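Full structure from sequences and hints, please.
The listed protein sequences derive, respectively, from chains A and B. Read left to right, the first sequence gives residues 13 to 307 (our numbering). Read left to right, the second sequence gives residues 12 to 273 (our numbering).
Bear in mind the hints are in silico, worked out from the structure with no lab data behind them. Honestly, I wouldn't trust all of these hints.
Unchecked claim - Reference listing, derived: stretches of chain A covered by chain B, where coverage requires no fewer than 3 residues with Cβ under 8 Å from a Cβ of chain B: (1) 135-141; (2) 239-248; (3) 276-286.
The structure presented is a predicted model; accordingly, all values stated were derived computationally and were not measured. Quick reminder that beta carbons are idealized off the backbone N, C-alpha and C, glycines included.
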Amino acid sequence: MAAKFPQKAMAYFLLAPTILICLLFLYYPTGRTVSLTFYKVAFFGLKKIYVGSDNFKELFTSADYLQSVLVSFIFTGASIVLSMTISLVLAILLNQKVRGIGIYVIAIIWPYTLSFAVAGTIWSYLFNPAVGMINYLLESLFRIKPDWISIGPLALIMIIVTTTWKSLGYNVIFFLAALQHIPRELLEAANVDGANDLQRFWKIILPLLTPTIFFLLVMNSIHCFFTSYGMISIMTEGGPAGATNIMVYKLVHDGFNMFKTGYASAQSLILFVIVVAFTLIQFRVAGRRVHYGGA
Amino acid sequence: MALIISALLIMTPVILALIGSTHTTFEANLYPPKITPGSAGITNYIRAWDFGLGRMMLNTIFVAAVVSVGKIVLSLLAALAFVYFDFRFKSLIFVFILITMMFPTPVRIVALYDLVESLKMGDSYLALTAPYLASATGIFLFRQHFRSIPSSLADAARVDGAGPLRFLAYILIPMSMSAIGALAMIQFIYMWNQYLWPLIIISSEEKQLIQLGLRMLMQDLAGEQEWGLAMAGVVISLLPPLFIFILLQGQFRKGYALAEEK
Chain A
13 MAAKFPQKAM
23 AYFLLAPTIL
33 ICLLFLYYPT
43 GRTVSLTFYK
53 VAFFGLKKIY
63 VGSDNFKELF
73 TSADYLQSVL
83 VSFIFTGASI
93 VLSMTISLVL
103 AILLNQKVRG
113 IGIYVIAIIW
123 PYTLSFAVAG
133 TIWSYLFNPA
143 VGMINYLLES
153 LFRIKPDWIS
163 IGPLALIMII
173 VTTTWKSLGY
183 NVIFFLAALQ
193 HIPRELLEAA
203 NVDGANDLQR
213 FWKIILPLLT
223 PTIFFLLVMN
233 SIHCFFTSYG
243 MISIMTEGGP
253 AGATNIMVYK
263 LVHDGFNMFK
273 TGYASAQSLI
283 LFVIVVAFTL
293 IQFRVAGRRV
303 HYGGA
Chain B
12 MALIISALLI
22 MTPVILALIG
32 STHTTFEANL
42 YPPKITPGSA
52 GITNYIRAWD
62 FGLGRMMLNT
72 IFVAAVVSVG
82 KIVLSLLAAL
92 AFVYFDFRFK
102 SLIFVFILIT
112 MMFPTPVRIV
122 ALYDLVESLK
132 MGDSYLALTA
142 PYLASATGIF
152 LFRQHFRSIP
162 SSLADAARVD
172 GAGPLRFLAY
182 ILIPMSMSAI
192 GALAMIQFIY
202 MWNQYLWPLI
212 IISSEEKQLI
222 QLGLRMLMQD
232 LAGEQEWGLA
242 MAGVVISLLP
252 PLFIFILLQG
262 QFRKGYALAE
272 EK
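Here it is as C-alpha cells:
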C-alpha cells in the first residue's frame, strides 16, 4: 500500500465537490421524498396538508397500484429469465478461440448500448399490428395477426421481447468473461474422466457461473425496474388499461401529470425499499467472492 | 453455423430499421412490408434533423461531454484522496458515497424536480449536468486502479517534493488512461441514453436531449404512420454511441466488468 501524503486537510478538499453533489442532488432529495410521503398536495401544489400514512393506505388498497406492482414483477422476471438463458447460450458460442470471433462479439453485444427509447421505437415498428414485420411473419406462418397494442398480455409480451433483446449484450459480456476465467485444466480433466458436454456444463461450468448469475439477476432487475421508463413512454404509455404500467411509469404519471406529489413520493419510497433490498442481497453474496478483476 | 445465425438474428431489427428509414410514407405502410431500400433516400434524415433532432443531437453531445469530463475529474480527485491519504472519517465518507448507488433517479425524482425548480435551475443545461457529476462507480474504478500502481512511485514522488496534485497529473493520470477511456465511454453512452430526467426538467425544445426527440417523432406519428421518419430518427440516435462503442469496445469490456462487479 502506498505511503500517504501528509497534507491531510487536502483530502477533504479533494472530496468536497463529490460530497457536495451527493448531499445536494442525492441525499437531500431522497430524504425529502420520505417527508413528502406524509402530505397531500391540493390546489395544484399551492396547499400541503399533513395526512400521516394516508398515502400508503391509499396505495395498498389501490387496484391500479397493485396491478402496477404485479406487472413490474412479471415483466422483470420474464425478461430476465429469457435474456439470461439466451445470453448464456450465446456466450458459450462466443467462447471459442477462433480468429474473427471478435466481430461476432461486437455484433451481439452492441444492442446493449442502445437506449430503451431507441429499442422501444424499433420494436414498435416491428410489432405494429397493421404493417409490422412480426405480424407479417405470423400471418404467413400461422394466419394470425395479433393486436399487440390493444390487448393487455400481448403488450406485456411486446415489452418483454424488447427488453430481452436489448439486454442480451450486457449479460453476454459478463457470462463471456466468467467463462473465460474457468481454468482450462478443470475442463480438460473432466474430458479425461470421460464427461460429455452436457455433464461438463451442469457439473462444472454452471456451478462456477453461480456468482455471475446472481450478480446478473440483481443488475438486470435494477435495470428493468429503474431504467426502462423510456420504452414504456414510447411503446405503450402504460396501457392498454394499465397492462404495462410498471411502477416507475405510474409513479412519474402520478407525480407529474396528476400532481399527486405525496402519493408519488410514497411510490418512490417503496421503490427505494426495493432497490435497497436488491443491493443488500448483491453485497451479501458478492462479498464472499470479492475479486479485483485481473487474471 | 449457429453463431452467424444468432448474430444476424440479433442485428435484424436494426437492419430493418435502417432499411425502413429510406422508405417514403407510402412505402413504409405497404403490406407485406417492404424489405428493400425505399425511394426516400436521405429525405427522412433531413426531415428528422430539421424537426429538431439535429439540435437535440448537439445538445446531447454537449451535455454528455460535460458530464463525462466532470465525472472523471471528480472521481479522480476522490480516488486520489482515498488511496493516498489517511484522514478521519475516511471509511465513513467512503460508505457515504457508496450508498448513493441506492438512489436511482425514480426514487428521488419528485423531490429533485422540486429542488431544481426552487433553485431556479429548471430548464437549464446546469440542471441536466450537475446531478450527474458524482459517481460512486467512477471512484471505485479509479480507486481500484490506483491501488494496483506500485507504491514506490508515490514514495519517489514525495522524495522529489511533488505534491499530490502534481503526482496525480504527471504520474497517476498517464498511467490510468485505459480506465479513463473506459469510464469516458460508459458515461458518454449513459448520458446519451438519458430519458426520464430530461423529460421532467426540460421544457423548451431547443435544450432537449436526443432520446426525447424520438418521443416527439413517435407522438407526431400517432395518426400518420410515418415509420420512415421514425426509423431515420432511430438511426440518428444510435449512431454516436455505436461509433464510440466500436472505437473503444475493448476498453468497454475491461472497464465495465471491473466497475459493475465492484
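Evaluated hints:
1. 135-141: Holds: 5 residues of the region 135-141 of chain A have a Cβ under 8 Å from chain B.
2. 239-248: Since 5 is at least three, the answer is holds.
3. 276-286: It holds, with 6 qualifying residues against the three required.
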